[in-house]
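Trainee: In case you want the letters, here they are:
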Amino acid sequence: MQQAMTKSDLVDRLARKNSQLAYKDVELGVKTLIEHMSQTLASGERIEIRGFGSFSLHFRPPRFGRNPKTGTAVALSGKYVPHFKPGKELRERVNDGASVSATTHSEYAEPDIFSSDDMDD
Amino acid sequence: MALTKADLAERLFEELGLNKREAKELVEQFFEEIRQALENGESVKLSGFGNFQLRSKNERPGRNPKTGEEIPISARRVVTFRPGQKLKARVEAYAGSNEQR
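Chains as they are written, first to last, in our numbering: chain D, 1 to 121; chain P, 122 to 222.
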């Protein structure tokens, strides 16, 4: 079984690291990002995030399906489905993380370490 | 033209009134948190959008497509994305005539 980070977990984590921002701004920010990405795909455009990956649409050609209850053949029209291709950095980190175990990032369990300067270059 | 981090930051700047630097950082951190979660073995569930899941793949035989030489593809952990119902429905409605891949 996998543990999961939900949207609200993500908002919490971002809010903790951005004490200069109001919680509701972080919340609205995450919502806005996700909505912008959804809109983009819904309008047929790709998304390209370097180091993370790209989202695009794949076409599923028309086919004949069957009504599972009656067994009647039904014509299904072609459609687009969202597709994600992980980028190089994400692929590598996910694969390396599998062997390293969570210890590498245990510091993220301690929110107080994050002073506002932590993210500065 | 594809949507990029710069476009996302611009939208945060316009709609949330974050300054440009804050907007850029929030976009960067948004993706970094997702990467970190996945790296640490957590799946990521963004309701309304979709789920990023981890899968462990066993070693399997592969081939160098150029030379035809057989090389095993090592066991690895990979990310898969499963779009949510809402996103699928919105994208399905896209009947665009311009080619997209």
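Please note: incorrect hints may appear among the correct ones.
[As the list claims (entries may be wrong)] In silico contact screen, one side only, chain P against chain D (beta carbon under 7 angstroms); selected entries: (1) Glu131; (2) Arg142; (3) Tyr215.
[Claimed, not checked] Pair ranges (Cβ atoms, derived): (4) P:Glu191 - D:Gln39: 41 to 51 angstroms; (5) D:Arg91 - P:Pro193: 28 to 38 angstroms; (6) P:Pro182 - D:Ala22: 17 to 27 angstroms; (7) P:Glu191 - D:Lys31: 22 to 32 angstroms.
Simulated from the structure, these hints should not be mistaken for laboratory data.
The beta-carbon is built from N, C-alpha and C at its ideal position, and this holds for glycine as well.
Trainee: Each of the hints needs a verdict: does it hold here or not?
Mentor: Hints versus structure:
1. Glu131: violated, 10 angstroms
2. Arg142: violated, 11 angstroms
3. Tyr215: OK, holds: Tyr215 (chain P) within 7 angstroms of chain D, min 5 angstroms.
4. P:Glu191 - D:Gln39: 41 to 51 angstroms: holds, 45 angstroms
5. D:Arg91 - P:Pro193: 28 to 38 angstroms: Because 18 angstroms falls outside the window, the suggested range is violated.
6. P:Pro182 - D:Ala22: 17 to 27 angstroms: violated, 54 angstroms
7. P:Glu191 - D:Lys31: 22 to 32 angstroms: Because 49 angstroms falls outside the window, the suggested range is violated.
In terms of the numbered hints stated before, the structure departs from hints 1, 2, 5, 6 and 7, listed from lowest to highest.
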